[in-house]
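Protein chains: 2
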Amino acid sequence: MTPHFSQWMTGSGPEADIVLSSRIRLARNMAGQPFPHRMTAEQAERLLEDVSAAVKELQSGWQIDFRRLDQVTPVERQLLVEKHLVSPLLVQEPIRYQAVAIDQRESISIMVNEEDHLRIQVLLPGLQLDEAWKVADTIDDALESRLDYAYDEQSGYLTAWPTNLGTGLRASVMLHLPALVLTRQAAQVFTALAQVGIVVRGLYGEGSEALGNIFQVSNQVSLGLTEEEIVHNLTVVTQQIIGRERQARAHLMAAEQLLLADRVGRAWGILTNAKVMTSAEALRLLSDVSLGHDLSLLEAPMPFTFAQLAFMTRPSYLETEAGHPLSAVDRDQMRAETLRRHLLGKTL
Amino acid sequence: MTPHFSQWMTGSGPEADIVLSSRIRLARNMAGQPFPHRMTAEQAERLLEDVSAAVKELQSGWQIDFRRLDQVTPVERQLLVEKHLVSPLLVQEPIRYQAVAIDQRESISIMVNEEDHLRIQVLLPGLQLDEAWKVADTIDDALESRLDYAYDEQSGYLTAWPTNLGTGLRASVMLHLPALVLTRQAAQVFTALAQVGIVVRGLYGEGSEALGNIFQVSNQVSLGLTEEEIVHNLTVVTQQIIGRERQARAHLMAAEQLLLADRVGRAWGILTNAKVMTSAEALRLLSDVSLGHDLSLLEAPMPFTFAQLAFMTRPSYLETEAGHPLSAVDRDQMRAETLRRHLLGKTL
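Here the protein sequences come in this chain order: A and B.
Heads up: the first sequence begins at 1 in the working numbering, then just goes up one per residue.
Heads up: the second sequence begins at 1 in the working numbering, then just goes up one per residue.
Among the hints, a few may not be true.
Remember, identical chains collapse to one label, so a pair may be satisfied in a single copy or spanning two.
[Said to hold, decoys possible] The calculated DMTMM-like cross-link candidates involving lysine to aspartate or glutamate, where the alpha carbons are at most 20 angstroms apart (straight line), are: (1) Lys275 with Glu256; (2) Lys275 with Asp294; (3) Lys134 with Glu229; (4) Lys275 with Asp330; (5) Lys56 with Glu106.
Simulated from the structure, these hints should not be mistaken for lab results.
Excised from the complex, chain A in its bound form (with noise of 0.2 angstroms):
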């Protein structure tokens, strides 16, 4: 079975080209309960029930679907997570009281019983951190209406972790950065970024490794500013960094467009006849693809987004449309070959 895309992936919104996604993230808890990590069965159970019900009366707006973790398997929760709509935290076990709210665009997901007794998180295409944040907000009201909000009026709202707290927001982009990355530009801008508060992440790597030249940015601290304010300093400090991408790109044409022409040609012809590919190789001949296809040097067509295909490279991905798991080796065929055929617009 071939999973299908969120909504997220299809590289519409403004941008589009360099930002692949916006995320808005609430953290809020209930009052008079202890966080999740220090609750009791029946504390968890109870706190399920209460927030489903009040997520269940949220349905006939936004069709909402609503799955309690341990009733979903294994490679249906990795599938979850590599879609970014739940945090990886969410499926670890053991897996009890948890539970995750998904609208049909798989736009919006709302997380019980994860570090926060509830995370609402909006997840939109291109740059539309604002617009995220909107439908964020809403949502928000919504279950207020319904749900006792633990809240101090010095503290904002309050949160498991520290660095939550206040607006309990956390607004974050995924960029994809190759320019930089080549002319060596990245770590000097995120260092710079550092020193405003932003940080700056790898998405599928270990540590400040950035596979597939994909950063995640977000905003440090959640306290002392008010939600529009973050919203508002992050969208500035993208289209910075979106500006610094563009100049570098177009200094690589400018200077070095017969190895960028190169460099693009080699890795879809690597894509499009490989027999075995590691998930590091293809994302990395990926980034080079995107990039090529975004500076008008791929000669082919480029069937699917850079979201898209990044997605088509993780290991439960590949499981699902297989039907049953794969050892290492099998996996790194199973990628060759769906990427091939992708590519070459074989079939979806």
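Assemble chain B onto chain A, guided by the hints.
Relative to chain A, chain B alone:
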């Protein structure tokens, strides 16, 4: 102008998947004349005239084109070297009294005033040492009836270098041995050959490096054996090497077919998509593609032989096709374009 191919590059003949070509070369000198490196201008000019006259008398039978090398452009001279029709030594500056006679199929070449006064070479596709020897012997007899060869009862034919004394015969085969290299057996096989008087050289590499896994295997001494014995010995040795290469190919197909198919696919993908390519990389990838073709692992048809494609990587081929000298960068670009176009069968 696209250079044409020599007959030996056609990939016909026995064992042609492994034996690119078979070569016989006879060294002959005229009695009572100094060797070429000791001749005066007058002596060299006179000898060139005498030998030319004898060679031209062969023309009715052989359709031989006779050229003084000082009347051939440097790029054309280099093209003759890369077709293996003349030795690199023959085209070294200054060129004054040297000449070469070549038949229409470019199987026969007769060099005048190289290291020896006369070198008769016959080059055929596949394993055809005996056939090549018979052609060379016929030409040798025809010339000997018109010229006064330096011959000594004890030493045989007198030659400028002692290693050519005796029969003056050098037999060699050009072999494509990718599986022996991949399975790391090549060094061991070549060491064993050295012990029975067989020399192995990389064809296009510096020193012992064999670009494209192409090796030239030849007899080391020509004294103390008859011509027939030399030709027979090298044929037997070549058949043994072929057997080892076939075993190694079978082993790879049985034990590592997926990895081999991956290697072949990637080589094809890069060759048909790169925009810049060095000669060393091109030969390495062409070797992989050629092996893939031999083992039916290549999905696309291979419209040219390995020998033809290897010839296309050479600077003189590319400069002839371009019609003007090329910088190193332009050559790497022209090489990538040329190989791509020919592999995709877009044109001759």
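(request) Of all the hints given earlier, name the ones this structure violates by number, lowest first. (result) none
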